[in-house]
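Taking the hints as your guide, dock the two standalone chains into a single complex.
One line per chain: the protein sequences are A and B, in this order. Counted the way my numbering counts, the first sequence spans residues 1 to 393. Counted the way my numbering counts, the second sequence spans residues 1 to 203.
The set of hints was computed from the structure by calculation and includes no laboratory data. Beta carbons are placed, not taken as given, at the ideal position from N, Cα and C, and that holds for glycine. Treat each hint with caution, since some may be false.
Straight line, CA to CA, 16 Å or less: simulated EDC-like cross-link-like pairs of lysine to aspartate or glutamate [unchecked claim]:
| id | chain 1 | residue 1 | chain 2 | residue 2 |
| --- | --- | --- | --- | --- |
| 1 | B | 112 | A | 359 |
| 2 | B | 84 | A | 369 |
| 3 | B | 84 | A | 107 |
| 4 | B | 166 | B | 186 |
| 5 | B | 94 | A | 64 |
| 6 | A | 243 | A | 356 |
| 7 | B | 90 | A | 107 |
| 8 | A | 92 | B | 58 |
| 9 | A | 157 | A | 219 |
| 10 | B | 125 | A | 173 |
| 11 | B | 84 | A | 109 |
| 12 | B | 43 | A | 96 |
| 13 | B | 90 | A | 18 |
| 14 | A | 92 | A | 64 |
Label-pair restraints from in silico Cβ distances [stated by the list, open to error]:
| id | chain 1 | residue 1 | chain 2 | residue 2 | range |
| --- | --- | --- | --- | --- | --- |
| 15 | B | 150 | A | 167 | 45 to 53 Å |
| 16 | B | 132 | A | 285 | 47 to 55 Å |
| 17 | B | 21 | A | 285 | 57 to 65 Å |
| 18 | B | 160 | A | 326 | 30 to 38 Å |
| 19 | B | 160 | A | 148 | 17 to 25 Å |
| 20 | A | 64 | B | 48 | 13 to 21 Å |
| 21 | B | 36 | A | 157 | 53 to 61 Å |
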Amino acid sequence: MKKNTAFSGNLSFLSLADVLQLLGSNGSTGLLRLKTPQRSEVGSIYLARGNPVDASLGRVRGLEALFAMFGWINGEFEFRLEDVTCENVIQKSRMEVILTALKMLDDGEIETVGMAEEQDGEASLDDEHFAVVPVIKGPLIDYWYIVDEENFEAGTKIVEQGKHGNWIWVILEGVVEIRKETNRGTLPILRIGNGSFVGSLASIISGRNVRSATTVAVDNVQLGVLDSQRLANEFAQLSPEFKDFLASLDRRLRQVTDKAVEAFEKSGQIEEFVARQDPLIAQGAHVDEGFVITQGEAFVVRETPGGDVLLADLYRGDFFGNMSFLDIGHEPNAAAIYSSKTLETRRPNLEVLEREFNELSPTFHNFIEHMAHCITATSAVACEFMKKKTNSP
Amino acid sequence: MAVFNIRNREIECKIVYYGPGRCGKTTNLEYIYRSFTKQVSGKMVSIDTDGDRTLFFDFLPMGIGRVMGCDVRLQLYTVPGQVKYSSTRKLVLKGADGVVFVADSMEIRREKNMLSLKDLHNNLKGYGSSVFKIPLVMQYNKRDLEGQIPLMSIDQMKKDLNAQLKVPDFEASALTGNGVGATLKECLKLTLKSLQRELKWTE
Numbered sequence: 001m002k003k004n005t006a007f008s009g010n011l012s013f014l015s016l017a018d019v020l021q022l023l024g025s026n027g028s029t030g031l032l033r034l035k036t037p038q039r040s041e042v043g044s045i046y047l048a049r050g051n052p053v054d055a056s057l058g059r060v061r062g063l064e065a066l067f068a069m070f071g072w073i074n075g076e077f078e079f080r081l082e083d084v085t086c087e088n089v090i091q092k093s094r095m096e097v098i099l100t101a102l103k104m105l106d107d108g109e110i111e112t113v114g115m116a117e118e119q120d121g122e123a124s125l126d127d128e129h130f131a132v133v134p135v136i137k138g139p140l141i142d143y144w145y146i147v148d149e150e151n152f153e154a155g156t157k158i159v160e161q162g163k164h165g166n167w168i169w170v171i172l173e174g175v176v177e178i179r180k181e182t183n184r185g186t187l188p189i190l191r192i193g194n195g196s197f198v199g200s201l202a203s204i205i206s207g208r209n210v211r212s213a214t215t216v217a218v219d220n221v222q223l224g225v226l227d228s229q230r231l232a233n234e235f236a237q238l239s240p241e242f243k244d245f246l247a248s249l250d251r252r253l254r255q256v257t258d259k260a261v262e263a264f265e266k267s268g269q270i271e272e273f274v275a276r277q278d279p280l281i282a283q284g285a286h287v288d289e290g291f292v293i294t295q296g297e298a299f300v301v302r303e304t305p306g307g308d309v310l311l312a313d314l315y316r317g318d319f320f321g322n323m324s325f326l327d328i329g330h331e332p333n334a335a336a337i338y339s340s341k342t343l344e345t346r347r348p349n350l351e352v353l354e355r356e357f358n359e360l361s362p363t364f365h366n367f368i369e370h371m372a373h374c375i376t377a378t379s380a381v382a383c384e385f386m387k388k389k390t391n392s393p
Numbered sequence: 001m002a003v004f005n006i007r008n009r010e011i012e013c014k015i016v017y018y019g020p021g022r023c024g025k026t027t028n029l030e031y032i033y034r035s036f037t038k039q040v041s042g043k044m045v046s047i048d049t050d051g052d053r054t055l056f057f058d059f060l061p062m063g064i065g066r067v068m069g070c071d072v073r074l075q076l077y078t079v080p081g082q083v084k085y086s087s088t089r090k091l092v093l094k095g096a097d098g099v100v101f102v103a104d105s106m107e108i109r110r111e112k113n114m115l116s117l118k119d120l121h122n123n124l125k126g127y128g129s130s131v132f133k134i135p136l137v138m139q140y141n142k143r144d145l146e147g148q149i150p151l152m153s154i155d156q157m158k159k160d161l162n163a164q165l166k167v168p169d170f171e172a173s174a175l176t177g178n179g180v181g182a183t184l185k186e187c188l189k190l191t192l193k194s195l196q197r198e199l200k201w202t203e
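Looking at chain B on its own, in the form it has when it is part of the complex (with noise of 0.2 Å):
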């Protein structure tokens, strides 16, 4: 539920980067923080959460041009792993307009990234959406730890995660900003698309 904000002449947008714990939620956002320092808007707010760490900012990307005459601004957040953050979760996740899904190219988090996929399908299932509704874009992440870690292919990730989806995916490498900003722009593009088809529907 994108916000209309009248007086400012902008469209707020809340996309959230959602994955297992140390798959790279936070490496893909503190990327983005850091490269893309004109098109950030105040502070980086970074919540230690046990595991992991729940970040959030305001981004105004440039060159998308105006929707219905208002400025786009995203407000990106990741959203903690681990089960008891149930409060934060719901606030990150309640009003997405859009999520990125950041698998963990390790062999070993196989079981992780399906558990949190459905996880992720859980909880949209309680504000009425679903994964296959949300504008989605699939990740999979740590691509350069190819040669030193046993990775899984990318046919493994996609048959095992996008099967059923069929949304587009990305190879990144969150640590050297790789595939990051591809990302972001795709599932940006989505989410747009989809706020404008909402828009039509409704006139």
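For reference, chain A alone in the conformation it holds in the complex (with noise of 0.2 Å):
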């Protein structure tokens, strides 16, 4: 350690806000240095008497600068006491400083420099095909509809698939696992965590009650049964319109699972698709409105370094498009709408259903994010397919 460091560590461990809270209750003053590996600039907070007076990073300097430096994830910090005599650029007090920047990080005015929330260590699977399977996390669990919590041992089944039952739960502690049975064995397509929910909107949808997937505890994990009569009564409170919505979600869901599978019973040989014609809605294109299906078909396929993966086909009363208020990881920013040449749309009401959307209760709401997030992580199970294909000679 450098000679008059009198505090350094790791940022991972000890967030600038802290460190800053730390020196402001000693009131010292000094130079307080943070690196990380991701910025070549080192960042500079001057402190006179545990207030932040000035600091600099690359060109930047006072206040935007120091705001940037609360972005960084990780990286180390060093303190220096030492006698500071610059001018006193940033007014304001430290507790305005921080409460400011992480106001502003939750609401991504500042950048996030590093790793992002890691997953933490979760044992990557045996499996030859997936390195990791993704986790997905939850909203916080809204406990309002839980009736009763269960428990299950790392390892058993949580529901077969094939098999019926039309519970729904709530992850409250613990990760599960979702596995497709497959003509070649057992394809585990995602993880899912805290927040995270068991069991399908098709049982409050159409009271289908077939399981369609294996869930598989991982660790010891504590579930909250859902009241699904609540929930189905509230899906019956909703418009028509919002109902077909939930309806093809539900249906672009299980096509994106389809496609995955298809691709691993293939060994892995998922067959590009091959465009007949210009598409409807080119990946990442600006397309602020919504369709709905009328006649015809249309299919989604996501443009992958290693060729175009269809991730689903759309048919009748589907929805595509931008829904901007729930993001599913397809249309428009990643994947193309090809349509057939019979198509026909019209358009649905984005404001209405926006506005249902958010007038649901806290558990239907989370539980439609839940659908859409498992979307985005499926259809990356597909591609990833594509990319193996490609990387095998």
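Following this line, the structure appears as structure tokens:
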């Protein structure tokens, strides 16, 4: 350690907010320097009697430089006792700086630098096809709809594909793996963690109660049983349009899952989607509208370095386009839409749908968002095969 | 986790006002800030977060004497209600020594109160604490609206929120200041008691 270093450490252990509070309550005067592997510049923060007075990061100075450093998740800090003679550029108190910076961070106004939330050491799977099955964590758990709690030991099956059952659970603690039984054996699709849901919307929408996948507890898992009667009642009160939208979302999730299974069964030889015409919506295009299919077919296709991958077939009653209130990781940003010649569509009222979405109970809202995350993650699994194919000679 | 500042001979304690959005957390703190000017040190920090504001200021309570030869300095905070402000909430709740849970008496907020309390419990669990361990005081706010808007009865609120916890609770109207001081005083008392217990235990 250099000679006048008074205090140093790791930012992933003690964040900048914590460091500033510590130095602040100690009334320290000196220079705090920050380094992160992701940036070539070293950041400097000058403190006088516990309050930041100036900062610099490359060419940026003052408050702007200081705020930017709040986004550094990993790296090192080092504090040296020094006389600080610089001008008082930052006029705010340290708590004001810290609270403002964290607010900006949460609002996405400060860029996060370094590893975003690590999937804390989830064991990688010994499956030849996946280095790591993605783990999806859900939002804060809403306890309002939980009627009972159940515990499952590591390795036990929670539901079995093909069996009957219509319970829906929310994961209170632990990680659960979703598997599909296929002709080529078991395919692990996703791992889901705290706040995620086990069970499908289909049981609420159509009363269908055949389990479409197997779910296994990866570690010791605590589940909350949801009051499905209440969820069903809430669903019953939704507008027909919103019900259709949810049904379409459920179909999209099934489609994507089926595509992944198909690719797996063909030993990863996923067929490249060959377009015969220009896409209706190009991947990455700017689209504000949503569409509902009234006739014909459409295809959701993702361009990957290995080729175009068909993620889902859409039919009459299906929604596509930019549903700005719900990101399913498909079109328009991460997939294109191709249409059959006979395709006809109408425009749903997105504002009304969005309002209805925002008015859902927290549990229902979380459930829908969870489905959207599953679509995103399962699509990535399907595309993984395409990559595998091109990587192999 | 109170911080002992040896140089200033001060113990810094953190008291956090928690509760559903628009329940009156900020109104509580604003009232304290305005009415106890002599005990407030420094400026009030107010950050506009979606839905409500996040407030912070230092408070030097009078008449409680010294603890272990140190003066007590309180840091009073409100927590932003919205889920997305996780960094802010984490910073505020981390190391909280005491919590005031402000519940909204309005009938239509019944569910929000219960959800928020569960949320608090969840958040505290992340720091190895819980609503059962941390010094906690319950406040049934907005009693001044009695007769104007449908309010829940105190009995019902006690049953909803305090049946298991059995912590000290107060009726209040943060707008008029009724019950605000009593709530803070009780929370401070519990916090200091718990600190003393902790200190003796480690000796």
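Right, here's what the structure says about each hint:
no., hint, result
1, 112(B) - 359(A), "holds (14 Å)"
2, 84(B) - 369(A), "holds (14 Å)"
3, 84(B) - 107(A), "holds (7 Å)"
4, 166(B) - 186(B), "holds (14 Å)"
5, 94(B) - 64(A), "violated (26 Å)"
6, 243(A) - 356(A), "holds (10 Å)"
7, 90(B) - 107(A), "holds (15 Å)"
8, 92(A) - 58(B), "holds (15 Å)"
9, 157(A) - 219(A), "holds (11 Å)"
10, 125(B) - 173(A), "holds (12 Å)"
11, 84(B) - 109(A), "holds (13 Å)"
12, 43(B) - 96(A), "holds (10 Å)"
13, 90(B) - 18(A), "holds (11 Å)"
14, 92(A) - 64(A), "holds (12 Å)"
15, 150(B) - 167(A): 45 to 53 Å, "violated (36 Å)"
16, 132(B) - 285(A): 47 to 55 Å, "holds (54 Å)"
17, 21(B) - 285(A): 57 to 65 Å, "violated (37 Å)"
18, 160(B) - 326(A): 30 to 38 Å, "holds (32 Å)"
19, 160(B) - 148(A): 17 to 25 Å, "holds (20 Å)"
20, 64(A) - 48(B): 13 to 21 Å, "holds (19 Å)"
21, 36(B) - 157(A): 53 to 61 Å, "holds (60 Å)"
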